[in-house]
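Protein chains: 2
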Amino acid sequence: MNYPESFEELIECFKMLPGIGNKGAERLVYHVLEMDNQSVERFSRALINFKKKIHYCKTCGHICEGEQCDICKDPTRDRSAICVVESPRDVFAMEKLKEYHGLYHVLGGTVSIMDGKTMEDLNIQSLFDRLTDEVKEVIIATNPTREGETTALLLAKLLSKKDVTVTRIANGLPVGSSLDYADELTLLRSFEGRQKL
Amino acid sequence: MNYPESFEELIECFKMLPGIGNKGAERLVYHVLEMDNQSVERFSRALINFKKKIHYCKTCGHICEGEQCDICKDPTRDRSAICVVESPRDVFAMEKLKEYHGLYHVLGGTVSIMDGKTMEDLNIQSLFDRLTDEVKEVIIATNPTREGETTALLLAKLLSKKDVTVTRIANGLPVGSSLDYADELTLLRSFEGRQKL
Chain A
1 MNYPESFEEL IECFKMLPGI GNKGAERLVY HVLEMDNQSV ERFSRALINF KKKIHYCKTC
61 GHICEGEQCD ICKDPTRDRS AICVVESPRD VFAMEKLKEY HGLYHVLGGT VSIMDGKTME
121 DLNIQSLFDR LTDEVKEVII ATNPTREGET TALLLAKLLS KKDVTVTRIA NGLPVGSSLD
181 YADELTLLRS FEGRQKL
Chain B
1001 MNYPESFEEL IECFKMLPGI GNKGAERLVY HVLEMDNQSV ERFSRALINF KKKIHYCKTC
1061 GHICEGEQCD ICKDPTRDRS AICVVESPRD VFAMEKLKEY HGLYHVLGGT VSIMDGKTME
1121 DLNIQSLFDR LTDEVKEVII ATNPTREGET TALLLAKLLS KKDVTVTRIA NGLPVGSSLD
1181 YADELTLLRS FEGRQKL
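From first to last, the protein sequence lines stand for chains A and B.
When we follow the numbering used here, the leftmost residue of the first sequence carries the number 1, and every step to the right adds one.
When we follow the numbering used here, the leftmost residue of the second sequence carries the number 1001, and every step to the right adds one.
Just chain A, same shape as in the assembly:
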């Protein structure tokens, strides 16, 4: 016996989400069955609204509801530094620190041989357009993965022609971890990056 058509369709939709398989989707649909009409309508509306309202900031590529994101619009931010990250998630992660007060630039991914993504596919031209005399430092904060490191190196090479200091966030042991459990590369980078106390 098959599920009714609209039931199957909702299962298929939930399965589009990451980490949700057949069984998980079924479970969610049974839950929706017991939700009241208002909540389901709210959910349906939230999906459409989200897609309609969220845009990418025309300056930095971060997500926002208007033309420009709150960070680019904020007159109190330090305009001499631009932190380059892979995705909007990374901006939110950095912002949680409340330590960095400069601007951001979101690449929208990394170079990747697997996905056939090159530097041309990334949001790089607009970064160069932003490099006015005001900008003193570009901090490359792509992830310390193979793809992130490659992107960082390629980007640093491109930026070397410009009159701007290029820095890279540090590798090392995570706070609270132990040397014993660290992989060799992390330990090596941590050793190389040692600083005077």
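Honestly, the hints are just simulated from the structure, not real lab data.
Each statement offered as a hint is correct.
Using 30 Å as the maximum straight-line C-alpha spacing, the simulated DSBU-like pairs for lysine-lysine come out as follows: (1) B:Lys1098 - B:Lys1073; (2) A:Lys52 - B:Lys1053; (3) B:Lys1052 - B:Lys1073; (4) B:Lys1023 - A:Lys73; (5) B:Lys1058 - A:Lys23.
Which chain B residues face chain A? A few, computed with CB under 7 Å, are given here: (6) Asn1037; (7) Lys1051; (8) Ile1054.
Take a look, some chain B residues computed to stay more than 10 Å from chain A by CB distance: (9) Asp1078; (10) Val1135; (11) Ala1182.
As the structure is a prediction and not an experimental result, all values here were calculated from the model.
By construction, the Cβ of each residue, glycine as well, lies at the ideal position given by its N, Cα and C atoms.
Given chain A, put chain B in place with the hints provided.
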């Protein structure tokens, strides 16, 4: 820095689903961000359609898209047996067996002291309305949990006044399990329910 409003709202909506917390919801919203417009619209529509089209069968309480479910409508089903289950999920589980060809009756839950649910809150009156001379057996297939067992006992008592055979699905060891790991009650029930080979 907070997420944009429509982003937050979609996070809240995903959090209404079971097993999805703050981090999980964030992850799903980031995924929706990368989905194309058509898929998101399809998802939104599926939610509304599901809620609009899925009804409970007026005869047995199972879910369906019309007034009556496919099983109640099917003229080839054996109308002498009614299998009583807790929820529509159980109907689908039974139907996967392809072994039972009778009808169903969905109670819509169990009695529960915790939730203050009594026999009056269950879909029981409509079961009694269905007990014509045609019906020879009522198979009580509520879950073998405390609530399910209580419901089964109370229902059996109510049905004892009627001219119908009342049976209960068997307890015992799951196939492929071992005696060693079974809990005492399961083993006891399995022993008591032994059958001639």
